[in-house]
Amino acid sequence: MPIRTEPITVNIGPQHPSTHGVFRLRVTFDGEMIVDVEPIFGYLHRGTEKLAEERNYTQIVTLTDRLDYVASMTNNQAYCLAVERLMGIEVPIRGQYLRVMAAELQRIASHLVATGFLLQDLGALGTPLMYCFRERERILDLFEMLCGARITVSYMRPGGVYYDAPEDFWPALDRFLDYMPSYLDELEQLLAENEIILVRVRNVGNLPLDRLIACSASGPILRASGLAWDWRKADPYDVYDGLEFDVPVGTNGDNLDRFWVRMQEMRQSLRIVRQCVEQMPPGPVRAELPLVLRPPKGAESYGRVESPKGELGFYLISDGGISPYRCKIRSPSLLNLTMIKDLLIGWKLADMIVNLGSIDINMGEVDR
Amino acid sequence: MMTSFLDVGELAQHIQAAYPDSVEEQTASHLWIKPPLIADVCRFLKEDPELKLEFLNSISAVDYIDHFEVVYLMTSFEFNHSTFLRTRVPGRGEPEVPSVIEIWPGADYQEREIWDLMGVRFEGHPNMKRILLWEGFPGHPLRKDFQDAVEY
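For the protein sequence lines, the chains are Y and R, in the order given.
In case it helps, my numbering puts the first sequence at residues 1069 to 1436.
In case it helps, my numbering puts the second sequence at residues 382 to 533.
Think of the hints as simulated: they come from the structure by calculation, not from any bench.
Hints are not guaranteed to be accurate.
Here are some of the chain Y residues that sit facing chain R, going by a computed Cβ distance under 10 Å [said to hold, decoys possible]:
no.	residue
1	I1108
2	E1117
3	D1309
For each residue, glycine too, the CB sits at the ideal point set by N, CA and C.
Here chain R stands alone, though its shape is the one from the complex:
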């Protein structure tokens, strides 16, 4: 038995039924949710009896220069299926995404890590400070425009 990935089309319909107008874009393999609704959709997917995506495998963020993409991977132990959920946040300042820490406490360190290394803030996180680097570190090193120090 292998962990199956949910069909994006069906998943998008399922989410749209509960949260109309929450899907920003969908392709054959990818699904983007509008940033303000991401936490609500995550809660829905976790609590929905047909999906039961109760385990958050990981959160990661990717820098695409004109926007950041936050990627959530979640799994259901009961049905052994997984899905990726994405959201795009435009801008290069300190873009904000709603935190999912209320839904999955396991998001705590990962969201702090994304803030630390990628510079995306999570709104509603109670302790949004750096985790791997020290306070006062200049910039966010995983950003593509981060300048390495000239000398150490």
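Bound-form chain Y, shown alone:
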């Protein structure tokens, strides 16, 4: 005789270690299968767009640090690009190289966090996460040498970067670049040759490409499903035009591909950092600008970067004053989250956390 069952609704979060921040999911299960999902967020909403309307253009840099707090450098970069386009500022070449170098180091740090938490979500509690955090720590140490801060860096400014790197930064960066490839080999081996992990991630959480495009998804999750679209290639900013790197692309769009794309991107980032070190010319790092920036009235700009999570854009409108009239933040985490129903419905409870982790959301950026 079949046993009568009925769906049960479970509340996950907002305080839950595997939701990657203060994020709440109302999930309806039929047995172990997920039949419906409702994401609820806004717990970390600080009104960044409103705050930006009350600060001057340079002060807003500090607000951008707090959007995606594991990738502050790329946030700074996107915002600074938008301001520079608004005012037509030319950034000195050395400043552009320093920015690209810092942004790529940040990409490695962010992907390490994503990979570490993927393993954590799979049930390998603690140890692999700490392997990733140990390496991220080296990057944060480098940032500390660059600008004195580790997380909320505020290193970049409209017109360039805050300050040139100190003398002892370069040998430290060399040591990092020499060491890192062997660590990435080790990490990839730990994962890609581990049968237990492969069974859990291969062909789980597949996302079809047409659906991703329709849902405005961007970044590694788009590339993992087979579209080689990277804004660093498609719409180069700073000095990406002159740098050689590949855009890794997956085929299945499952959790394994998303992980694999991030692994390969870390290697490409190392390649870019190395090229920056070799090509960087001496010279000024920041354009000469007045203390308070006043863009022309009615000017508009959209500055965008390929952040570790996807397309991060700032849409600025000026009314001729010292603060932007409107500062819209196009956050990749929020838009990638649109896929959540496709990603979770039809999968089991145990896959839910892994699937959610594989899109690598950051609540600071979702809620702003």
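With chain Y fixed as given, assemble chain R onto it according to the hints.
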């Protein structure tokens, strides 16, 4: 290769050919569509084989006191070109714009966010409720006439 922006004059002609009388105003860099037709024009731009603007980068809204402006930014991966499309909605109550969620499901959270923070409703959106703030929050904070609480 850089992402190019479509020429506004040509784009306006192209849209006018399919939807006569849909363009409200055009300048050298800006193009405003009449609010009731915005969803139809978006669908046309997405499906047109010469444009193929299949990716919606973002939707944002701006408060210009006497009207709201909703700004759409879309991109074609095949041709690597982008365009901004704008529409003006007058009034300070709860102005309405047709939703583009049927065309781009990615508009879902952005339209809800605009309703939440800016107070512009999207007609045809199946779940038009607040997203970042809680139900019952007084007003829409990104409006220019929003009054901050005196004390917290």
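Hints versus structure:
Below 10 Å, beta-carbon pairs count as interface contacts, and I1108/Y has one with chain R at about 9 Å; its hint therefore holds. Restraint check, E1117/Y versus chain R: the minimum CB separation of about 6 Å is within 10 Å; hint holds. Below 10 Å, beta-carbon pairs count as interface contacts, and D1309/Y has one with chain R at about 9 Å; its hint therefore holds.
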